[in-house]
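Peer 1: Given next are the chains, with one letter for each unit.
There are 4 protein chains.
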Amino acid sequence: MLNMIKLKEECGVFGAYSLNTNIQKHIYYGLQALQHRGQESAGIAIVQGSYVNYVKGMGLITDVFTKENLSALEGKVGIGHVRYSTTGNNEARNAQPFVANFHNGYMALAHNGNLINALELRQELENEGRILQTTSDSEIILHLIAKYYSKGLIEALKITIGKIKGSYALAILIEGKLIGIRDVNGIRPLCIGKKDDTYYIASESCGLDVIGAELIRDVEAGEIVIIDDEGLRSVKIETNEKKMPCIFEYIYFARPDSILDGKNVYKVRYEMGRHLAKESPVNADLVVPVPDSGIPASRGYSFESGIPVGEGLIKNKYIGRTFICPEQTDREIGVRIKLNVLKELVKGKKIILIDDSIVRGTTMKRLVELLKEGGAKEVHVRISSPPVKYSCYFGIDTPTKKELVGATMSVEEIKDLIGADSLSFLSIEGLKESVGLNTACTGCFDGKYPMEVLGGRSKYLFEKK
Amino acid sequence: MLNMIKLKEECGVFGAYSLNTNIQKHIYYGLQALQHRGQESAGIAIVQGSYVNYVKGMGLITDVFTKENLSALEGKVGIGHVRYSTTGNNEARNAQPFVANFHNGYMALAHNGNLINALELRQELENEGRILQTTSDSEIILHLIAKYYSKGLIEALKITIGKIKGSYALAILIEGKLIGIRDVNGIRPLCIGKKDDTYYIASESCGLDVIGAELIRDVEAGEIVIIDDEGLRSVKIETNEKKMPCIFEYIYFARPDSILDGKNVYKVRYEMGRHLAKESPVNADLVVPVPDSGIPASRGYSFESGIPVGEGLIKNKYIGRTFICPEQTDREIGVRIKLNVLKELVKGKKIILIDDSIVRGTTMKRLVELLKEGGAKEVHVRISSPPVKYSCYFGIDTPTKKELVGATMSVEEIKDLIGADSLSFLSIEGLKESVGLNTACTGCFDGKYPMEVLGGRSKYLFEKK
Amino acid sequence: MLNMIKLKEECGVFGAYSLNTNIQKHIYYGLQALQHRGQESAGIAIVQGSYVNYVKGMGLITDVFTKENLSALEGKVGIGHVRYSTTGNNEARNAQPFVANFHNGYMALAHNGNLINALELRQELENEGRILQTTSDSEIILHLIAKYYSKGLIEALKITIGKIKGSYALAILIEGKLIGIRDVNGIRPLCIGKKDDTYYIASESCGLDVIGAELIRDVEAGEIVIIDDEGLRSVKIETNEKKMPCIFEYIYFARPDSILDGKNVYKVRYEMGRHLAKESPVNADLVVPVPDSGIPASRGYSFESGIPVGEGLIKNKYIGRTFICPEQTDREIGVRIKLNVLKELVKGKKIILIDDSIVRGTTMKRLVELLKEGGAKEVHVRISSPPVKYSCYFGIDTPTKKELVGATMSVEEIKDLIGADSLSFLSIEGLKESVGLNTACTGCFDGKYPMEVLGGRSKYLFEKK
Amino acid sequence: MLNMIKLKEECGVFGAYSLNTNIQKHIYYGLQALQHRGQESAGIAIVQGSYVNYVKGMGLITDVFTKENLSALEGKVGIGHVRYSTTGNNEARNAQPFVANFHNGYMALAHNGNLINALELRQELENEGRILQTTSDSEIILHLIAKYYSKGLIEALKITIGKIKGSYALAILIEGKLIGIRDVNGIRPLCIGKKDDTYYIASESCGLDVIGAELIRDVEAGEIVIIDDEGLRSVKIETNEKKMPCIFEYIYFARPDSILDGKNVYKVRYEMGRHLAKESPVNADLVVPVPDSGIPASRGYSFESGIPVGEGLIKNKYIGRTFICPEQTDREIGVRIKLNVLKELVKGKKIILIDDSIVRGTTMKRLVELLKEGGAKEVHVRISSPPVKYSCYFGIDTPTKKELVGATMSVEEIKDLIGADSLSFLSIEGLKESVGLNTACTGCFDGKYPMEVLGGRSKYLFEKK
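Residue numbers (UniProt numbering), protein chains in the order written: chain A, 1 to 465; chain B, 1 to 465; chain C, 1 to 465; chain D, 1 to 465.
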């Protein structure tokens, strides 16, 4: 899936606790590795004696952090956050980590996920005369912890977890400790790493690899992990909830080199390609991946089908997020700026074009045109996930239903829209087998969410504007 | 007093409530006129339906506001703030107005002044599990209003006023109303203006002049002014406190064209010059003001003494706040960059050099040198205020005592330090007569404050770092 | 005259030659002192071994130079320039000093003035297959020196001076020498200073004062000054031309503390005020200068008339060049943002309002209104120069004739336009007496220029677009 | 080859001539597609009536051009340039196209290549009293054309070509015409395209694809192509020189989707992989390309050897050119930030690691380490080009000889340096067969250049500092 039209993921979190090592640069590098989880704001908060120092800002890690401000963040315990922000024109104030003063000193919090009862909780807090600074659901968690803190830290965290509903992977600084929490369904990923005298928590294991830390294990669904000078302790919330990790992490969001809940993402995508080849074979000459999103599945498809892979679409490496077509009417040139057809390779061939998903269908339509202009005889589109039919309430910024071709059109209609000679999606069954988890949240495909969500509500209704 | 070494004032506030007119530009222009009260951050908050929109940033009004962001602030009710911030490396978060969500919707607050019991109040709030975002005393006022809001707005304001001690001129947006409050001693100035269907409140009347509004009256000490669709209402706090406006506003802070508590500032300064001439006459040829701070007093001195005024020191108009000597060792060139001696005028003459105050003495020393290099036969320094001997706890950022020459040296010693042929300060008595108020806060000269302050505490102790 | 509507001066030049001292910061400070001569671009060029290093950019000195780029300019011989650029949308390439490579190495040139035969010279150069990079007349001087350089440096300079017509004060770096040249009429000012082992040349003596250098003398009309390791040499061009310095430098452009051709500018302006009082007395209570341009003349007027001066108009010190009214329709608020009336002073009084010139009359109209709104009983405007009736071809950017009220209206009509109770200008005779020079260029008042200019041509015709 | 340590290419040029279409955006998009040829400055020059308007600046196309400045460049004839600049601290002035005024009006020039007799030509020009603005060899070409222009345009171009030695692909605007020139050896590429009423010239055909233009043919070695209202004319220089295109374009510089002198670059690289597999087979489990540079050759190697390709190294897409390790000591983390090993894929396997070249060897050393840390049993490095042993004098910025491992070490020593289990380079013979051209410049591999270069001279000696 090209950058132009994509599902946006919400956030990445990272934390580090060291006995003797300054870890601000570890967090910086860790966030670099998690940059794909959010590119609109970034922040790092570090414990410095009795308070928390922080730097936050809009943009990429490299936009926000400089040699100077990083060196001012020196410390041994800290957290970081990358965010894709969705809430309007004053995004800067919603950048995380959130840092607050309360009666035991400071608290800082980084959150990946989405609360579905944020509005109710906000009203409860405000009725008590409390002041909220932002429209973010994440700030509510801070207030709840502060409110119940007089009962003790662990008890306050437990009460908070009891009150908030939705998805959350949290990294928290409080009392000089680093705390990691994953929601009772384990919807968003969170894992633990270790290197020498330092513990890490990270949304994905690729954040550990970059600094040479070892992946210890995932934080469990409903687990509170507390890291301090005595090491790592775990508190488990008692609950009947089933673990249901978001399956879309495997399809699109997570980096291929990450291992989430024990499964390597590249491997899962390769398996998706293999299942896709079994479910929807086609007589063709060449498997062409949409770069870079279609590459792992194209390998699996090629292995299973025996049809070779070829780079029929070449990327312009220098077209980054800053590219803007000077005029609206130039939009159609957009795909050509980013990709060119390798005519030598595709001319006269029957092509299997592989991507991980279709959202609006407009980009795929242009890619099919491009390949045909380049001389392809046939273009068969194979998508390594099922059609996205439902909104996500747990942290993924899906378009509205009427923009989702999967929700409004049959596969046949989508095929006609994109001008392909044939089109197949991976089945939900094939997807689950590829991932190999017992249970997972497949709500965006089948509407079966880990908890009840109020039907008519759009995601934005959960936040007070 | 040159820009280089000066007493810093804290803030200016401005508010507007109109029935039918968009007032965001009135606030912009009003803040322009109040820019001398704070140059480090600025902000405007405007009521837009059921929420408050705002723009805040570091720097001058012209740095923070653009045509674009001003037009996004369209509305009929709003407040603004200019600030000189004193609290450390994350100043941006302390920019005002503070805007918060609480259970009745939004609240926004702009504050000029300083609370002396901020630390105690902060602890009280945090003990209740409340979260404070900043280290600013102004945020505490927001929390108190929210905490007591369930008792009704007026009652909440009264309780809040009963709890906070110190100086405060406040402009508040709440329930769609504009509220102005001045502390029970009336330490910081605040006045009311009107033009057509719009009411204004402003730290100084020059903020009304710029938009062509008429000065109605000052907000009284201990008065709450509520402006809404039914017009202007006044609630008076019952108190035994005496009105004691800050006398330093007249000496240095306020703009000469402002009228504070019925007294025109230029006129007061002119009178200071007259009293100074009577108290400390000297046989000389020319009265030379330090531009621009010494000008009004130099006129009064000249009138009383019959000695003509001449521009012996010429300013470089293009040296603004951005000027930085490329190297530390170039500091001595600093004064020469900003001022040049008009040798034609001063050569061979006995000069009376007039300024409004002496803080560290270093600039005055260089000015005396400059005049002597320029050929002045004698340089007699006359200061139109008494020596500053005590710290201010009510909103003025005085240097520490050991930096204040007035606190550590006799007049004779200061005279030697600056190399003048003679030196006199205005007496406290002469100052009071020049101002013409029955009572005023003269704490920085005589240590007599409007309320008890804890002796050893520096101003910074009142804030939690 | 307020900043808003003004005559614009073209440039300031500065040069330094030292045996043993690094002078890049002297040039920096010297240009600071000359900043009033041009605010749109600035540059410094320094000899470093066998080449010239330079930094140029748009904006004020403080915009263009940083600690870093200044320290990269370390050297003992250099020149600098501040410019008000008039030539279209690519101003950056016209910033000076111009630096070029030619067969003897480098050459750098800074120019204040305007050539009136630029078009003819440009055609001559281009016909020889030479390439010009800019549309600036100054570049032509570089090419002529390079073209004739094979005849020897002095000869090449003499031939160049023989070919170029118009006004020019030049600072040139070539062969490791610093060269200063003033046109044969001495229209633009240029002076020589010395301090320790360093010689300086500067457009005005205030540039010498700031670095503590002594004013030695002016460069003479038609003089070439060559400064190198052997000291200062002078070559005089033989000519019948009379020295005719621009009289407008004394009226408006030069800083009051400068001494041009032996005359102190403040003193000259004071004399203008005296002559004005003699020529156009009026029965009034108060002399009010337009800040800051009317101040020196107001003193002379007051001295001669015995009527006291008072600051009836107060400036907002924080409104700088960056101020932009957010919308066109806010223009009328412009004057009020910059100036406020001191009502206490002007109420009920007959005012004499003094300024140095009137260009379009719009600002003066608003000032008269402002004073009357402030309660002034009468406002009598007195201008310390004659009406500007003719364009300048020698370096001053006058508006077109139809925008000049002096060229299109009688004094009576201007009086009605600005709403004054009376209006007088200084006579040309009074002006000349105030300045005290035998001859001067008064072309903008009487059309008598130092050389023939082609009547119908606007100044822009002399440059190839 | 990773971005970190690479051979730098010099420039890309693009031109457009249309009868009726505004082509500024075509040039913008064309330069986007050529962005890989230079990322340090960019510029576009457009004919507008009797002059040339242009925008140039440092950085990527997207840094330099905005909607606003592009729309100011409206026109039907123009050229553009992307540059990797090599000449010191004032790069902005060396940005191209160069634009100049000469006696027939304007001229603009964009140059890819390097002149080896620049110093001699510069001296000749300067001896004639001409002024050069830059240290660029490209400016010399402008001066020569201007100098000989009086003999007529075509004659002037022929004389210029006769005098300049080295490599050059030129796009020139003069007399309203678009002119393309390729040096007599055809060292740098240049091709011609057409779409509707518009002709294009471009360094690579990928610049034509992006705007939907058709590749007509390459400009021939020693050919002048003149495009004007009468269409396309060709003038051929008579010469005995052989066509010798730079072979490194095929190995590394050109985009894989381009066709240069009739050869598709991806195809050539695929063939290099095949030849490499034949020349240097190895018993292994997996072919791993260094992304993205090793991908095409890895496919050819896999096809020939039957060993599957796998993405063993995963790129962080968000690490762009702005990434800077906060401290020198963090350099070693650099590779890990950009690439991560896919352990699932490489664990326990014998790996063939493919890249297109080795320059210093430091990056390759880290990649081998990374793969071994990730569990690879063996790592066999295969490079799809011969070792680089000689400097390039014709437009490629090779490191100095002592930094080139190929020039200073044997293959065995390099193998030990990088820690590989085996290492092979493609033979020069294999390279030539893969490309399939009769003659080509292979100077960087065997020191055989298309013309004599003065032995000891470094490339920088050809430019006057």
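Any given hint might turn out to be false.
Think about it this way: if two alpha-carbon atoms lie no more than 30 angstroms apart in a straight line, the pair counts; the simulated DSS-like pairs of lysine-lysine are [unchecked claim]: (1) D:432 - D:242; (2) A:389 - D:432; (3) D:194 - D:177; (4) C:317 - B:317; (5) B:263 - C:263.
If you're looking for bench data, these hints aren't it; they were derived computationally from the structure. Treat the numbers as computed from the prediction; the structure is a model and nothing was measured.
Peer 1: Each hint should be assessed against the structure and marked as holding or not.
Peer 2: Hints versus structure:
no. : hint          : verdict
1   : D:432 - D:242 : holds, 16 angstroms
2   : A:389 - D:432 : violated, 54 angstroms
3   : D:194 - D:177 : holds, 16 angstroms
4   : C:317 - B:317 : holds, 10 angstroms
5   : B:263 - C:263 : violated, 43 angstroms
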